[in-house]
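Given these sequences and hints, build the entire structure.
With the UniProt record's numbering, letter number 236 in the sequence shown gets 236, and the count goes up by one each step, no holes.
None of these hints come from the bench; they were simulated from the model. Be aware that one or more of the hints could be misleading.
[What the hints assert, rightly or not] No farther apart than 25 Å at their CA atoms in a straight line, the calculated lysine to any residue pairs in the SDA-like style are these:
| hint | residue 1 | residue 2 |
| --- | --- | --- |
| 1 | 130 | 87 |
| 2 | 130 | 52 |
| 3 | 130 | 95 |
| 4 | 130 | 223 |
| 5 | 130 | 64 |
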Amino acid sequence: MTYQTPPDAWDCHFHVFEHGAATRAAGTGAYQPMEATVQALDAMHARIGIHRGVAVQSTAEVADYDAFGAMLLRNPRLRGVARFTETITERDVEALHASGVRGLRFAFASFMKQQRVPREVFERAVAMVKPFGWHIKVHVEGTDLLELEEWLRAVDAPLVIDHIAHMRPQGGVDQAAMRLLLDLHRRENVWVLLCNSDRWSVEGAPNYSDSLAIARAVLHSAAERVIWGTDWPHPMYRNPLEPGEAPPDDARLLDILARAAEQDDQLLRQVLVTNPANLYT
1 MTYQTPPDAW
11 DCHFHVFEHG
21 AATRAAGTGA
31 YQPMEATVQA
41 LDAMHARIGI
51 HRGVAVQSTA
61 EVADYDAFGA
71 MLLRNPRLRG
81 VARFTETITE
91 RDVEALHASG
101 VRGLRFAFAS
111 FMKQQRVPRE
121 VFERAVAMVK
131 PFGWHIKVHV
141 EGTDLLELEE
151 WLRAVDAPLV
161 IDHIAHMRPQ
171 GGVDQAAMRL
181 LLDLHRRENV
191 WVLLCNSDRW
201 SVEGAPNYSD
211 SLAIARAVLH
221 SAAERVIWGT
231 DWPHPMYRNP
241 LEPGEAPPDD
251 ARLLDILARA
261 AEQDDQLLRQ
271 VLVTNPANLY
281 T
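Written out as structure tokens, the structure is:
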């Protein structure tokens with residue numbers, strides 16, 4: 001690893017399976033629970049220089065809000081993003097908030113094999129969590145982003161677009177979905193998670209150089225609303241449609257960010273420290 005993180009750096013997207021592969025599977029997920037315990041997470045973060053983190057409740061496991069909240073309480077350096085289910089109640093939200101949850105995630109990307117909820121269900125959930133100051137997180141691909149534009153423009157709460165909407169670098173910064181992403185990002189409530197640039201790189205390891213232009217465009221559009229994550233333990237790696245590659249070195253993913261930011265220490269501190277602290281604390 002060449003890039004050294006600033007003190008108090010955050011990893012804003014990863015999954016934890018407390019019982020590893022033995023974690024109870026949802027049965028409807030696109031992948032199975034993995035060997036990704038808190039202890040393994042802590043070791044990875046210590047190795048690459050991450051102090052704080054945001055655990056994202058996975059669609060691979062049964063949605064147990066009590067267990068997710070309890071895990072966060074046992075690990076106070078972590079915040080959380082809960083996955084949306086149609087059974088979530090305001091009482092669940094209250095308890096999750098007290099545990100450190102600060103967002104609600106919708107899995108709209110087609111390869112996640114989750115049925116898209118009706119718009120009225122989505123908007124009702126937004127209204128339920130808004131009084132708690134939570135953000136809405138949408139896991140989408142570029143095609144989903146285009147289809148859901150009207151929904152997303154209507155969100156009157158902080159909105160995080162996951163994984164740069166899985167933008168394909170070969171489409172360039174002028175592809176329709178990327179133009180929409182940047183337009184949305186300029187709105188004062190919209191954030192973008194820089195994560196998974198490695199997945200869609202045609203060049204691949206170790207440099208992933210073809211992914212840099214898209215990441216730079218996001219950094220230049222509204223740097224004050226950009227966060228970064230590893231996506232550890234990297235489910236369905238590398239291409240979710242054709243998985244099977246070994247997971248990346250997470251230190252390399254920090255290097256991608258540093259290169260996209262052109263080694264600008266002030267910008268990197270904003271993305272890794274200031275912005276996530278504003279969103280999650």
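Hints versus structure:
The hinted pair formed by residue 130 and residue 87 meets the criterion: a straight-line CA distance of about 17 Å does not exceed 25 Å. For the hint pairing residue 130 with residue 52, the CA-to-CA distance comes to about 24 Å; that is within 25 Å, so the pair holds. About 15 Å separates the Cα atoms of residue 130 and residue 95, which keeps this hinted pair within 25 Å; it holds. Distance restraint check for residue 130 and residue 223: the Cα-Cα separation of roughly 24 Å lies within the 25 Å cut-off, and the hinted pair is therefore satisfied.
Distance hint between residue 130 and residue 64 is fulfilled; the C-alpha atoms sit about 21 Å from each other, no more than 25 Å.
Of the numbered hints listed earlier, not one is contradicted by the structure.
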